[in-house]
Amino acid sequence: MSDRRTLTDARSLRALSHPVRLALLEALLSGPLTATQAGELIGESPTTCSFHLRQLARYDFVEETGEGRGRSRPWRLTATGWNAPARPDDPEFTRAVQALDQVMLDRHMSRIRRFVDTVSTYPAEWQAAATGHTSVLHVTAAEAAEMTAALREVTDRFRERWADRHEHPERRPDGTLPVEVLIGVYPIDTGQPR
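In the numbering used here, the protein residues as written are 52 to 245.
Just so you know, the hints here were simulated from the structure itself, not pulled from any lab data.
Only a predicted model underlies this, so the values are computations on that prediction, with no experimental measurement involved.
Hints are supplied without guarantee of correctness; some may be wrong.
Said to hold, decoys possible - Quick list of simulated restraints, FRET-style, between CB atoms:
id	residue 1	residue 2	range
1	Gly132	Ala193	21 to 31 Å
2	Asp152	Arg109	35 to 45 Å
3	Pro70	Arg216	38 to 48 Å
4	Leu233	Ala193	20 to 30 Å
We put the CB at the ideal spot given by N, CA and C, even for glycine.
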């Protein structure tokens, strides 16, 4: 399994832009699951999960582990993340990126709200470790790209350091929880000319 996959075609992006498929990918972040197990986690039937897992496999987002049969066969991620570099010369790709971005933004905000709503149920060390940080900077596009690359390097360094914990849950120390690192570097619309 790779850490990151670069998406370059609109069809792959559209395949992701479905709430059940995104929920399945998120569930698989904890490790391999059967369609039945995934269905219990995301509140869908095993039949629905099986269909959407096959669709995700068609676009190489998941694969069978090679164990089990039928709905008892486990599935795993082929990558733990993806990105879709901007392609301003391809309107279909740009629309597909925007559609996926909208769905992903809704899911990110939902997870953040859920954490904020339940923060008091987490141990004190998790309450202290979780963070939100906002900064407004005045930069050029080149400087924003430089900052984005630097932030990715930091997250990539930690992802590589702990990569084996995804494939091997038994290697996770006690108290390990999945965390999401959400980085957004984007212009703020202030009404000024662009």
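Worksheet item: For which of the previously enumerated hints does the structure constitute a violation, in increasing order of number?
Response: 2 and 3
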